[in-house]
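Number of protein chains: 2
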Amino acid sequence: MSAKDTNRLKARLARGFIDRGPAELASTRQMVDTIRRTYELWGFEALETPFVEYTDALGKFLPDQDRPNEGVFSFQDDDEQWLSLRYDLTAPLARYAAENWDRIAKPFRTYRFGPVFRNEKPGPGRFRQFLQFDADTVGAASVLADAEMCMMAADTLEALGIPRGDYVIKVNNRKILDGLMEAIGLGGEENAGKRLIVLRAIDKLDRLGVEGVKLLLGPGRKDESGDFTKGAGLDEGQIRPLVFLLETTSLQRDVLGFLQFPLAGRFTESPIFSDGMQELLKIEEIIRLSGYGPDRIRIDPSVVRGLEYYTGPVYEAELTFEVKDEDGKPIRFGSVGGGGRYDGLVARFRGEAAPATGFSIGVSRLQAALQALGKGAAEPPGPVVVLVMDKERTADYLALARTLREAGIAAEIYLGSSGMNAQMKYADRRRAPVAVIQGSNEKEAGEVTLKDLVLGKEMSKKIEDRAAWTEERPGQVTVKQADLVATVQEMLARYS
Amino acid sequence: MSAKDTNRLKARLARGFIDRGPAELASTRQMVDTIRRTYELWGFEALETPFVEYTDALGKFLPDQDRPNEGVFSFQDDDEQWLSLRYDLTAPLARYAAENWDRIAKPFRTYRFGPVFRNEKPGPGRFRQFLQFDADTVGAASVLADAEMCMMAADTLEALGIPRGDYVIKVNNRKILDGLMEAIGLGGEENAGKRLIVLRAIDKLDRLGVEGVKLLLGPGRKDESGDFTKGAGLDEGQIRPLVFLLETTSLQRDVLGFLQFPLAGRFTESPIFSDGMQELLKIEEIIRLSGYGPDRIRIDPSVVRGLEYYTGPVYEAELTFEVKDEDGKPIRFGSVGGGGRYDGLVARFRGEAAPATGFSIGVSRLQAALQALGKGAAEPPGPVVVLVMDKERTADYLALARTLREAGIAAEIYLGSSGMNAQMKYADRRRAPVAVIQGSNEKEAGEVTLKDLVLGKEMSKKIEDRAAWTEERPGQVTVKQADLVATVQEMLARYS
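One line per chain: the protein sequences are Z and Y, in this order. Position one of the first sequence corresponds to residue 17 (the working numbering), numbered consecutively onward. Position one of the second sequence corresponds to residue 17 (the working numbering), numbered consecutively onward.
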């Protein structure tokens with residue numbers, strides 16, 4: 017590397033961030049439009065909060081803080097106040113609802129969409145900026161609001177094209193775990209830290225399996241890289257009921273049965289445990305009466321969600337189908353969204369009760385899943401490219417492009433300075449469906465030549481013989497200039 | 017204020033940032049969709065770069081740096097590298113184009129949309145996060161690319177509903193000013209600072225008028241608040257030709273006349289000046305041949321744009337109509353976008369030529385203008401609200417809402433715990449077009465009562481007499497439950 021090279025400014029994406037191109041953006045737009053339509057059908061209205069908030073207003077609620085900044089990008093304003101990039105769409109909503117409490121019609125149903133930022137160690141498929149789409153209801157204490165979230169989540173996944181049976185919305189109630197922890201001696205302020213470790217250990221069930229979680233509940237766990245994570249230090253008697261929760265697979269229609277399971281007897285005394293059970297039963301009743309079967313929404317006591325602030329029902333949207341990765345190995349997408357009730361979050365600002373519940377979709381992950389299902393948007397075609405055969409006649413080419421645009425057909429003229437071959441290569445790389453050519457002969461005859469590049473590409477795979485190719489000129493046609501639009505429309509119609 | 021109040025966490029937006037509600041978001045979406053469609057018609061394709069970039073990759077090109085951070089929000093990563101929130105959409109594109117130079121089909125036409133961030137002193141209508149919509153062509157040295165930007169800008173404003181005559185795209189060439197500055201002794205590296213002051217002084221013409229700019233070119237200027245801004249310190253002989261530029265009103269079709277204006281004689285010797293003139297002439301030729309008259313696009317030598325990095329053609333989209341503000345005073349929106357050629361920006365990374373030109377729309381300002389023109393999106397109506405008359409019958413109300421949703425009608429049930437009056441008030445605040453009521457009588461009769469809340473509100477203004485009101489019940493109708501959807505659709509159709 018020469019000195020000149022090393023001195024030159026390096027063009028590189030910041031670590032953990034990505035650029036996104038037209039195909040991916042079209043897919044996101046299509047997804048987001050569908051989610052928005054579904055949410056609006058349910059009476060939710062759009063809201064947008066800024067990307068930057070006062071650090072104290074956001075609070076610190078992120079799991080897995082492996083960074084000094086506790087997972088958040090923060091910086092100081094010139095008046096010394098700390099600002100942070102939002103790390104989710106819930107904390108800013110809590111700020112908004114509290115700040116505008118008297119102005120909003122409550123219960124307040126709202127949706128928000130956009131990027132959030134995490135100051136975390138980036139990894140494969142793990143970025144520091146990613147998209148979320150949230151719906152929240154603020155000011156409704158009834159579990160009806162939670163049930164509605166679950167039903168809307170199911171509707172949304174189906175609207176996005178995920179067949180029934182390929183997803184499930186799992187519901188639980190944080191109070192069940194809280195009651196259970198109280199009963200095994202983890203109640204009180206002094207055990208808050210331990211409870212958080214338990215919570216986050218259980219939230220890792222998907223990734224670590226029951227044995228991994230058990231280690232995190234007990235002495236701790238060494239991961240593949242040799243790093244040791246300290247456990248909650250619980251004893252065998254404390255761990256057993258927690259593990260029972262995890263191993264209780266879906267209870268289907270028999271939630272009541274859960275109340276009588278062998279270990280639960282001693283926990284039903286706990287008011288918080290039985291509150292949780294009552295709420296779960298109520299949610300299940302609403303859901304069933306509304307016609308959502310356990311193939312769509314079901315109670316699952318292993319769902320806890322990793323965020324500390326949930327206070328009641330928690331729910332998670334999971335994709336259950338498998339796809340093959342590039343090596344043919346089956347992969348599951350698992351959780352693509354989740355949420356729960358967070359009655360304390362708005363209350364922090366208000367000093368009085370402010371119930372709220374919300375659901376967040378991990379847009380990027382869901383988009384990958386839709387792509388795997390073949391439900392993503394197709395790569396958008398490029399514009400028709402008008403070749404520039406003679407620079408002196410640029411005005412003619414501009415006019416051809418303009419004529420196409422006026423008919424609603426995306427069209428551009430070649431803006432570079434290269435010759436015919438390079439221009440055809442350019443049209444190809446632009447995914448142009450059609451190239452428009454008007455040399456001096458065509459101009460004199462009042463004609464244009466149109467090349468159907470899609471057909472041309474297909475044919476070129478079949479016609480091996482160069483001579484035959486040149487003679488047949490597949491997909492190429494010369495027409496009167498007045499027929500330009502009609503002929504291009506015909507060509508485009510073949511592939512739409 | 018009690019101690020409890022002062023200790024409580026305060027819910028407040030960060031300084032200089034705003035929340036946006038459904039009406040404004042719907043307007044933005046409608047606008048952005050129109051701009052996107054227009055840009056795609058011209059062959060531009062979507063790209064998204066992240067919000068965070070390495071500080072050195074963005075560079076420092078902001079005018080008016082009244083902040084220590086030079087107008088940018090910056091923070092250090094845990095590997096000590098400096099990161100910044102993007103302050104525009106051009107600098108990240110330059111990074112993208114350089115980083116992906118060999119992968120992109122050139123000339124590369126791209127558009128990008130999203131918020132940008134400025135670490136500036138916020139003021140009325142001046143926010144630290146705002147929306148831009150940019151289009152750029154990278155890899156085309158020809159002024160054809162610049163002319164295309166101007167024509168596309170005109171098309172875009174018309175597509176947004178701004179009538180011809182209410183806007184103008186002004187074009188100039190930075191080389192004219194550069195040549196002129198060279199001729200008055202401001203050439204060379206040692207005068208770079210002075211040239212920047214001149215540039216920014218001229219860019220303030222709109223706000224300060226010719227006299228204000230003159231002061232900034234000379235000794236300096238004291239503003240209304242008494243703050244003094246140091247001037248470029250030019251003498252009378254240097255200032256005169258610069259002011260001539262500003263006072264040359266639009267040259268319309270007679271650009272050539274410009275070449276012969278009294279003061280210009282001595283500048284036409286400057287190769288850079290005459291380069292600029294040649295390019296302007298070429299742009300005008302392309303634009304006229306393409307059918308855009310001076311009522312849409314015209315040469316204006318007073319346009320310079322405040323950013324240092326422009327190297328050739330610069331252009332500005334200006335709204336020319338006046339609206340009245342709340343006090344009846346006429347206001348003009350002025351510039352709603354602009355751009356120019358920045359051949360050095362990508363080259364910084366590449367060490368070789370990388371021509372580029374781009375146009376940026378100030379979405380928020382343009383949106384305000386469209387609103388003033390009555391071309392903004394209408395405030396979206398709220399959902400149909402199903403009142404909860406009897407909590408035991410929640411399932412019935414859920415079913416009514418579901419029936420409406422399945423017919424594509426946005427509907428929700430009331431989720432709170434208040435009575436009939438509060439629910440009607442809620443429906444009103446939600447801008448619900450229709451309220452659905454099913455008391456026990458209606459239930460027994462298999463009926464529902466529908467209140468047309470729009471008509472109700474209109475009638476309530478007319479019918480003063482409370483008794484007549486109660487008797488007539490305007491806009492209220494009781495129908496068979498089977499006719500729910502049809503009747504609601506009829507009511508909605510009245511106002512759409």
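Heads up, a few of these hints could be off.
If several chains are the same, the list does not tell them apart, and a pair holds so long as it fits within one copy or across any two.
Distance condition first, Cα-Cα at most 27 Å in a straight line; then the derived DSS-like pairs of lysine-lysine [to be verified]: (1) Lys210 x Lys298; (2) Lys407 x Lys122; (3) Lys76 x Lys26; (4) Lys298 x Lys186; (5) Lys220 x Lys407; (6) Lys210 x Lys459; (7) Lys391 x Lys345; (8) Lys473 x Lys122; (9) Lys246 x Lys345; (10) Lys246 x Lys391.
Calculated from the structure, these hints are not laboratory results.
| task | Just pull the numbers of the violated hints for me, sorted ascending. | result | When the structure is compared with the hints, numbers 1, 5, 6, 9, 10 turn out to be violated.
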